[in-house]
Amino acid sequence: MLTSNGISALVRDTLCRQSPLKNTVILCHYCDYQVQKEQSAVNIIGSLFRQVNWKLPVIQSEIRRVFNESKKRSGKSLQLTDMIQLFVQAISSIRRAYICVDAVDVLLPEDRSELLRALQRIIQEAPNARLFLTTRPHIRPEFVKHFAKEGCVIDVVADQGDIASYVSIKIEYSKHQCPGPVTENLKDDIMKIVPGQALGT
Amino acid sequence: MSAPPTGDVGSSGSDNPRPDGMSNTLTTWIQSPNYPLWRNGSFWNAADFGISICCSLSAGYANIKVGIYEESSRIQAWLSPLSPGRRYQELCWSRFGGIGDWVLQKNEFQTWCKGEDGSVDPILLCYGDRGAGKTYLR
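Heads up: the protein sequence lines correspond to chains A and B, in order. Each residue of the first sequence is one higher than the one before, starting from 5 at the first, in this note's numbering. Each residue of the second sequence is one higher than the one before, starting from 1432 at the first, in this note's numbering.
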């Protein structure tokens, strides 16, 4: 199957490259159905937190304090409420935090609901936070339910230009790997047929 | 600060003959303050990752040891068992320039990305069917 990385990774890289502000963090999580059970809300917020921790040594001292306290209580992980509170505290010290979560729909329903509630709270409590989410549209009612305002929406459809570009690149690549059978006529035929049959259309 | 030398730092070791000039350059870079790492066009501090790097020269060979600060590593694991970078690396194995750029030109994205706090909606949602290009285009 032909695959190319999609909009989530593109947005992440664009934010990293073109971020208009210094003192900005870009925090990303890509939900993965293959490890669905590990992707609880607290683990996902924790994963975002790990990325803040990389960038802000000052935060490390506060985290270290909480971690050491936790060790005294047999090393238990943070509860979601405490995790959110610390996370908001951490990102409040920077000018802007972009939070990107891809493929929210692949989470288990209870985890997804908890995550959306957590993200809503973060957005409410941290005015410098921006949230970018991708999902299949069948859970749109859940988003409407959890967020007071649904936010700005971009409907993603498989762009014919993107597909044509991608197929063309793959054909050229294949010609270098296995020179021979792909004639220009065959390439033209593939270019006419494949974009229209892409799964996303 | 200049970019680090090219070459696979992790694979250098006493079994490999020293490339001409490489080890000295490598030593200068690695021994600079806070062991900067070159990633995605900007320097990151190795200490932020809980990484320490030691380099020594002997008999014309570069010996490089990469370690992990035990406490930082434990704290990161305690925060979450999910490794933030792993999935991203999987997704970025096939990158083709220009694909998906239409999203970046959308007013919704531009406003969300660059608008002032309080004057724009902080939430941007992308809805799309399986295979439409949110995570993969296939």
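FYI, nobody ran anything at the bench for these hints, they're computed from the structure. Here a beta-carbon is modelled for each residue, glycine too, at the ideal position from N, C-alpha and C. One thing to keep in mind: the hints can contain errors.
[To be verified] Covered, in the sense of this in silico footprint (three residues per stretch, anywhere, with C-beta under 8 angstroms from a C-beta of chain B), are these stretches of chain A:
id: 1; segment: 11 to 22
id: 2; segment: 45 to 52
id: 3; segment: 65 to 78
id: 4; segment: 114 to 122
id: 5; segment: 128 to 140
[Claimed, not checked] With a cut-off of at most 30 angstroms between alpha-carbon atoms, the simulated DSS-like pairs for lysine-lysine come out as follows:
id: 6; chain 1: A; residue 1: K75; chain 2: A; residue 2: K41
id: 7; chain 1: A; residue 1: K41; chain 2: A; residue 2: K76
id: 8; chain 1: A; residue 1: K153; chain 2: B; residue 2: K1537
id: 9; chain 1: B; residue 1: K1545; chain 2: A; residue 2: K75
id: 10; chain 1: B; residue 1: K1537; chain 2: A; residue 2: K75
id: 11; chain 1: B; residue 1: K1545; chain 2: A; residue 2: K149
id: 12; chain 1: A; residue 1: K41; chain 2: A; residue 2: K80
id: 13; chain 1: A; residue 1: K149; chain 2: A; residue 2: K75
[Claimed, not checked] Cβ-Cβ distance ranges computed for the label pairs, FRET-style:
id: 14; chain 1: A; residue 1: D193; chain 2: B; residue 2: S1514; range: 36 to 46 angstroms
id: 15; chain 1: A; residue 1: H150; chain 2: B; residue 2: R1561; range: 14 to 24 angstroms
id: 16; chain 1: B; residue 1: K1545; chain 2: A; residue 2: R125; range: 35 to 45 angstroms
id: 17; chain 1: A; residue 1: K76; chain 2: B; residue 2: N1538; range: 18 to 28 angstroms
id: 18; chain 1: A; residue 1: D192; chain 2: B; residue 2: D1532; range: 45 to 55 angstroms
In rising order, the numbers of the hints this structure does not comply with: As far as the earlier hints go, 4, 9, 10, 13, 16, 17 and 18 are violated by this structure, in ascending order.
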